[in-house]
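Peer 1: Remember, the working numbering sits 114 above the position in the sequence shown when you count from 1.
Treat the hints with caution; some may be incorrect.
[Unchecked claim] Taking CB as the label site, the calculated pair distances span:
hint	residue 1	residue 2	range
1	Val-372	Gly-181	29 to 35 Å
2	Ser-525	Pro-180	43 to 49 Å
3	Leu-313	Leu-275	54 to 60 Å
4	Leu-605	Ala-277	31 to 37 Å
5	Gln-574	Pro-180	50 to 56 Å
6	Asn-492	Gln-459	25 to 31 Å
7	Leu-455	Ser-601	50 to 56 Å
8	Gly-140	Gln-509	37 to 43 Å
9	Asn-492	Ser-302	31 to 37 Å
10	Glu-317	Tyr-345	39 to 45 Å
11	Gly-572	Gly-181	39 to 45 Å
12	Ser-525	Val-349	19 to 25 Å
Source of the hints: derived by calculation from the structure; they are not laboratory data.
Backbone N, C-alpha and C define an ideal beta-carbon position, used for all residues, glycine too.
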Amino acid sequence: MFSPVNRFPTVAAASSLRLPLTSAAGFVLLYVLLDWISYVHPMRGLNITPWNPQAALAVALLMWRPGSWWLVAATLAGTEVLVRGLPPSWAVHVVPTALLTLGYWVGAAAMRRWLGPVPHIATRKAFLIFLVISAGTAALTASLHIGALAMIDSASMRDRLLAGVLRAWIGDAVSLIVVLPVLFIMRSWERRAATAAMLRTLESWLVIGAAVAAAFAVFGQATEDQFKFFYLLFVPVVWSAARFGTLGAAWCAALVQVLLIVAVQSTQYRPLTVFELHMLLAALAATGLLLGTTVDEREEAQRALRASLHLAAAGDMAAALAHELNQPLTALSTYAHACQLLVRQQRGEGEHRGVDAIADPLADVTGKLVNEASRASNVVKRLRDFFRTRSTELQPVDVPMLIEEVIRSQSTQARALHVVLEGRCDEQLPRVWLDQVQIEVVLRNLVSNAMDAVAQHGAQPASVSVEARLRDGHLVVAVRDSGPGISAAMLPHLFESRPSTKPGGMGIGLAICRTIIEAHGGRLWAEVGAGGRFFFSIPSSTASPHE
Numbered sequence: 115m116f117s118p119v120n121r122f123p124t125v126a127a128a129s130s131l132r133l134p135l136t137s138a139a140g141f142v143l144l145y146v147l148l149d150w151i152s153y154v155h156p157m158r159g160l161n162i163t164p165w166n167p168q169a170a171l172a173v174a175l176l177m178w179r180p181g182s183w184w185l186v187a188a189t190l191a192g193t194e195v196l197v198r199g200l201p202p203s204w205a206v207h208v209v210p211t212a213l214l215t216l217g218y219w220v221g222a223a224a225m226r227r228w229l230g231p232v233p234h235i236a237t238r239k240a241f242l243i244f245l246v247i248s249a250g251t252a253a254l255t256a257s258l259h260i261g262a263l264a265m266i267d268s269a270s271m272r273d274r275l276l277a278g279v280l281r282a283w284i285g286d287a288v289s290l291i292v293v294l295p296v297l298f299i300m301r302s303w304e305r306r307a308a309t310a311a312m313l314r315t316l317e318s319w320l321v322i323g324a325a326v327a328a329a330f331a332v333f334g335q336a337t338e339d340q341f342k343f344f345y346l347l348f349v350p351v352v353w354s355a356a357r358f359g360t361l362g363a364a365w366c367a368a369l370v371q372v373l374l375i376v377a378v379q380s381t382q383y384r385p386l387t388v389f390e391l392h393m394l395l396a397a398l399a400a401t402g403l404l405l406g407t408t409v410d411e412r413e414e415a416q417r418a419l420r421a422s423l424h425l426a427a428a429g430d431m432a433a434a435l436a437h438e439l440n441q442p443l444t445a446l447s448t449y450a451h452a453c454q455l456l457v458r459q460q461r462g463e464g465e466h467r468g469v470d471a472i473a474d475p476l477a478d479v480t481g482k483l484v485n486e487a488s489r490a491s492n493v494v495k496r497l498r499d500f501f502r503t504r505s506t507e508l509q510p511v512d513v514p515m516l517i518e519e520v521i522r523s524q525s526t527q528a529r530a531l532h533v534v535l536e537g538r539c540d541e542q543l544p545r546v547w548l549d550q551v552q553i554e555v556v557l558r559n560l561v562s563n564a565m566d567a568v569a570q571h572g573a574q575p576a577s578v579s580v581e582a583r584l585r586d587g588h589l590v591v592a593v594r595d596s597g598p599g600i601s602a603a604m605l606p607h608l609f610e611s612r613p614s615t616k617p618g619g620m621g622i623g624l625a626i627c628r629t630i631i632e633a634h635g636g637r638l639w640a641e642v643g644a645g646g647r648f649f650f651s652i653p654s655s656t657a658s659p660h661e
């Protein structure tokens, strides 16, 4: 018979950031590689290309590490030598590079200010802000860059000034609109997991196949006819956006961009043709992202409506239960206190009659009875208040102690089901402001579900683990088990209120848990794969260090 593991070990805190030297080297190598790949059909004398994916990389780095402007400037200067050839004078080399870095820094600051440090373009408002900032950043960098060149060599630039600004603007705008959303996804570990889940579906691979087929159909035509068939590339992007939302739109637009670059690299194109194709690509990416955000907003509104309807009924039920259970729980606590008083009295009167062997265990049991009755009353009251007003009583909570208490309370069930139950937590985890009773309800529900899944599956060894760590400014708690896991078909409806498959279950546990986490400004989700994997995150910006 297995017993739950009641120890609560700690693990070393894992930083999500690599060493600065490694990050710097990776940025430089990737920037040079992207610049080399995209250096096709440069505008004569200006080294302006129709597509500059490295611009998005520079903006992304400055968003997440604003102090790295010097690295961006040095890398820009280095690529002018390694990829594009050394300019005729140091002024032509240094001044435009400095102004280009300034333009990227301003764009990154605007993105960080209006979209946050790890943006998620999931609403039409966020998309509009992203589009305006991207276009504005591209216009600023183009004006600064070409303007600097014009001031240095005004004679040769007079006839090409407007054309140079337009080409540079389109080149950077395409990069920011197409590449930046992918970098935002890669920056967020949650959206990386969502991408992996998307790629495990058959439909995502059908979309990829459709994109490749459409690219062959378009770029297999004569150059002058390709514009007539370019609309075919909208089909996979629209399909991906309609099915997977913003996530699918961003990745499919990036795939089309790669296919376009392959076509340009492998075939002789006139520079003007490449420029026009990238203008069409910018329109395609913007259309896909707009459709994706619309789909995401609609799905979120539908989910919120379903949840509100079910939770309204749950709120009525909670209020009724609170009314009916309040008096019995109060009476139960009163009777337990009376038992404790009787035990003390009998212990005092029966010193010579050998009653201590009975009195001590009885006092311990009645003490636990009082504690559990008080906890049950508090849980019912807090849930009733939550369903009525969505209120939370935030207080700084020691997360390791909270998880340890949940594991202790579930230890009896774990022993009965022969499940090994354990917890792990990052060292130096700060206190986090949250409603302790409500988060305990969430954790108890997730742990209980995990143990039931393991027991029903008959997995050996049967284990459930609870882990907590800080990641990207959030407290992230994971509940994992060795059960059968979540299938891709179950995932879309997992958190909806529906008939329960558990004996005596009401089918609203996960829906309530998600509502509680969202009331804390967080998110609750599950991942597809072997073994159950549930996660929730709560912003830790209000966290305070251990006192």
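Peer 1: Please go over all the hints and tell whether each is borne out by the structure.
Peer 2: Verification of the supplied hints:
Checked against the hint of 29 to 35 Å, the pair Val-372 and Gly-181 passes, with Cβ atoms roughly 32 Å apart. Roughly 48 Å separates the CB atoms of Ser-525 and Pro-180, a value that falls within the hinted 43 to 49 Å. A beta carbon spacing of about 45 Å between Leu-313 and Leu-275 contradicts the range 54 to 60 Å that was offered as a hint. At about 51 Å, the beta-carbon gap between Leu-605 and Ala-277 misses the expected band of 31 to 37 Å.
Between Gln-574 and Pro-180 the C-beta distance comes to about 51 Å, which sits within the given range of 50 to 56 Å. Checking the proposed 25 to 31 Å range against Asn-492 and Gln-459 shows it holds: the Cβ atoms sit about 29 Å from each other. A beta carbon spacing of about 55 Å between Leu-455 and Ser-601 agrees with the range 50 to 56 Å that was offered as a hint. Range check, Gly-140 to Gln-509: about 41 Å between beta-carbon atoms, so the 37 to 43 Å window is met.
In this structure the hint that Asn-492 and Ser-302 lie 31 to 37 Å apart at CB holds, the actual value being about 36 Å. About 22 Å separates the C-beta atoms of Glu-317 and Tyr-345, a value inconsistent with the hinted range of 39 to 45 Å. For Gly-572 paired with Gly-181, a C-beta distance near 54 Å fails the hint of 39 to 45 Å. Checked against the hint of 19 to 25 Å, the C-beta distance between Ser-525 and Val-349 comes to roughly 56 Å, which is inconsistent with it.
Of the numbered hints stated above, those contradicted by the structure are hints 3, 4, 10, 11 and 12, listed in ascending order.
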